[in-house]
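Enquirer: Here my numbering is used: the first residue of the sequence shown is 1, the next is one more, and so on.
These are calculated hints, taken from the structure and not from any lab test.
Do not rely on the hints blindly, as some may be mistaken.
BS3-like cross-link-like pairs, simulated, lysine-lysine; straight-line CA separation at most 25 Å [as the list claims (entries may be wrong)]:
(1) LYS152 / LYS139
(2) LYS110 / LYS130
(3) LYS130 / LYS445
(4) LYS121 / LYS110
(5) LYS130 / LYS507
Here are the simulated distance ranges between beta carbons [to be verified]:
(6) ARG136 / ASP47: 48 to 54 Å
(7) SER212 / PRO527: 26 to 32 Å
(8) PRO422 / GLU140: 50 to 56 Å
(9) LYS381 / ALA264: 30 to 36 Å
(10) ASP105 / PRO498: 49 to 55 Å
(11) ALA264 / PRO527: 51 to 57 Å
(12) ARG237 / GLU270: 33 to 39 Å
All C-beta atoms in this analysis are idealised placements derived from N, C-alpha and C, irrespective of residue type, glycine included.
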Amino acid sequence: MTVAIFGAGVAGLSAAHELVRRGHHVEVYERNDSAGGFFRSARREADDLPTEYSWHGFGPWYHNTFDLLRQIPFDDEHSLYDRVLSRPVEYAVVPNPADDDLDPDDLFDKPKAFRMTAADKAWLAWGLLKAWSTNRRSKERYARTNAAAYWKPRMSAVGHATWRALFGPWIGADWPVASIHHVGLFFGRNVRSGPRHTHPADAEGSAWAHESLGGWSLLRGPSNEWWFDKWVADLERRGVTFHWEAPLETLRFDGERVTGAALATGAAVEADLYVLAVTPFAAADVLARTPELEADPQLQKFRPLIQDGPHTQVSFRIAFDEPMAWPRDRTAVALTDSEFDLTLFAQEQAWPPRVDLGDGVASLWTCTACVASVPGRVHGKPLRTCTKEEFLDEVLAQIRASDALDRMIRQANGGRGLDTFPIARVEVWPEWTFSPDGIEPDQPKWVTTTNTRPHRPTQATSVPNLVLAGAHTETEADIWSIEGAVESGRRAARVFEPDVVVLKQHKPLPLRLTARLDDGLYALGLPHVLSVLGAGAAAGLVLGLSRAGEGRRIR
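Let's have the full structure, built from the sequences with the hints guiding it.
Expert: Following this line, the structure appears as structure tokens:
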């Protein structure tokens, strides 16, 4: 059969990957001039500087993603899995102040680096366990509860501020919108992620395994050069045809099936099967132009799915013309006291020397501003209303405000602080348009929030030849992520080809049992399973002590 896939992001390519292997003739239509969606990279024409929408990692629970990478050739002998993944980064939790006795090694020591009291840590553990030990209660109630608001009255001010500042850099959903459900899933899976993913010895050391509590890997070069270009080439060798700069305008529907599509270029598309793998904002616009499709229960969900509007996380690069050392291999940084919730990583730590950092660049930081609603220290304006110049003023001032970061750099560079490394240039991902009226993306990005969980559509629709793909659809990953995108593409293909394999997310057996018990309790309107079990244990203890006392009196 012929298949038209709209969108060449991770989800659309994952669907193409499965369907072309099963004999379908696949054509992919993409609005951009390259693949990768929100994970794509590019190089500036002026100076060959590698830039990207944002820097991303691969968690130990990315089971479908790693399985996929094993199937894509890197060269004649090795797969992408063999060659493109770095060893895990070491994340430093870096505040602004640096006491005289600060040991930079402490910034890597978690949870010590969270600046939490013992009570803070207890409440942190309880909140995470509360979410991960349930099922329906978490999806239906905790998914609507803001995580930062939940922990605020339960934690010290410093501990809470540090904890919420990690949501953007780690989860990808900034703290004003992240839910307990998604925070619990994310951190639970990092603690107990399931099957290990082994890697052989290489130039950096002995064999290693990506596993629970093992940190996150990065790509060992720009994402398009090291992943998407090779993936597209492999798909083309298998017969997939790509159409670039070909955005979908409308779908044609006869009341039962999709019979065709029109592109914004004016071209018509006809196929047997259709995969809608565009962003939910683009999908909502397409459906608004094809209103008869909005009667479908799944397609109806797109409008409420995007009710919170686009997610604003702005990536930027800082280039230095001198090399800069870091205290540990692959040091990543979360600046937890920065108003824009900044995170940064020096790319050369993960990229081999043969990867060009740009003309005259010896060290290249890739950075992301994760929170758009908090006023900055220089201009008193949130990111969302900054001009580009104001944004650059803010992020550079917020980076320089961290004495702890400076201490870390001094330790690794023979006493040289950050200010002794002149900045060669600063670059912002070019698809952001800055304006006092509000920053605008060329392509709006969606992310899981406290309002999105009930509205995520399944891949299958009531239209028999139309399926949906994207990390915004219903997945077991349940977090907007690369893993969610790969899983969704596989699930979309599985609607047409039932033998497509979708790997499950791991949940420890005790928590699977508590989740089953809690589903029953939740249906009856009863308290959380751990509260019930705790109350039962306490009652049993009291009863046991009471009987023991009676026995002593009888004797």
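Enquirer: Are ALA264 and PRO527 spaced within 51 to 57 Å by their CB atoms?
Expert: holds, 53 Å
Enquirer: In this structure, is the beta-carbon distance linking PRO422 and GLU140 contained in 50 to 56 Å?
Expert: Check passed, 53 Å falls within 50 to 56 Å.
Enquirer: Just tell me: holds or violated, for the beta carbon distance of ARG237 and GLU270 against 33 to 39 Å?
Expert: At roughly 25 Å between Cβ atoms, GLU270 and ARG237 fall outside 33 to 39 Å, so the hint is violated.
Enquirer: Against the 25 Å threshold, does the CA-CA distance of LYS110 and LYS130 hold or violate the hint?
Expert: With a Cα-Cα distance of about 21 Å, the restraint between LYS110 and LYS130 holds, given a limit of 25 Å.
Enquirer: Please work out if LYS130 and LYS507 have their alpha carbons no farther apart than 25 Å.
Expert: holds, 14 Å
Enquirer: Hint says 26 to 32 Å; check whether the CB-CB distance for SER212 and PRO527 agrees.
Expert: Given about 30 Å between the Cβ atoms, the range holds.
Enquirer: Assess, step by step, whether the Cα of LYS152 is no farther than 25 Å from the Cα of LYS139, and give holds or violated.
Expert: The given pair, whose Cα atoms are some 21 Å apart, holds under the 25 Å limit.
Enquirer: The hint says 48 to 54 Å between ARG136 and ASP47; measuring C-beta to C-beta, is that right?
Expert: holds, 53 Å
Enquirer: Is LYS121 within 25 Å of LYS110, Cα to Cα?
Expert: Measuring from Cα to Cα gives roughly 11 Å; hence the hint holds.
Enquirer: Quick one: are ASP105 and PRO498 within 49 to 55 Å, going by C-beta?
Expert: Holds, at about 52 Å.
Enquirer: Take a look at whether the Cβ-Cβ distance between LYS381 and ALA264 falls inside 30 to 36 Å.
Expert: For ALA264 against LYS381, whose Cβ atoms are near 35 Å apart, the range 30 to 36 Å holds.
Enquirer: For the pair supplied as a hint, LYS130 and LYS445, confirm whether the alpha-carbon distance does not exceed 25 Å.
Expert: Violated: LYS130 and LYS445 sit about 29 Å apart, past 25 Å.
Hints 3 and 12, counting from the list given before, are not met by this structure.
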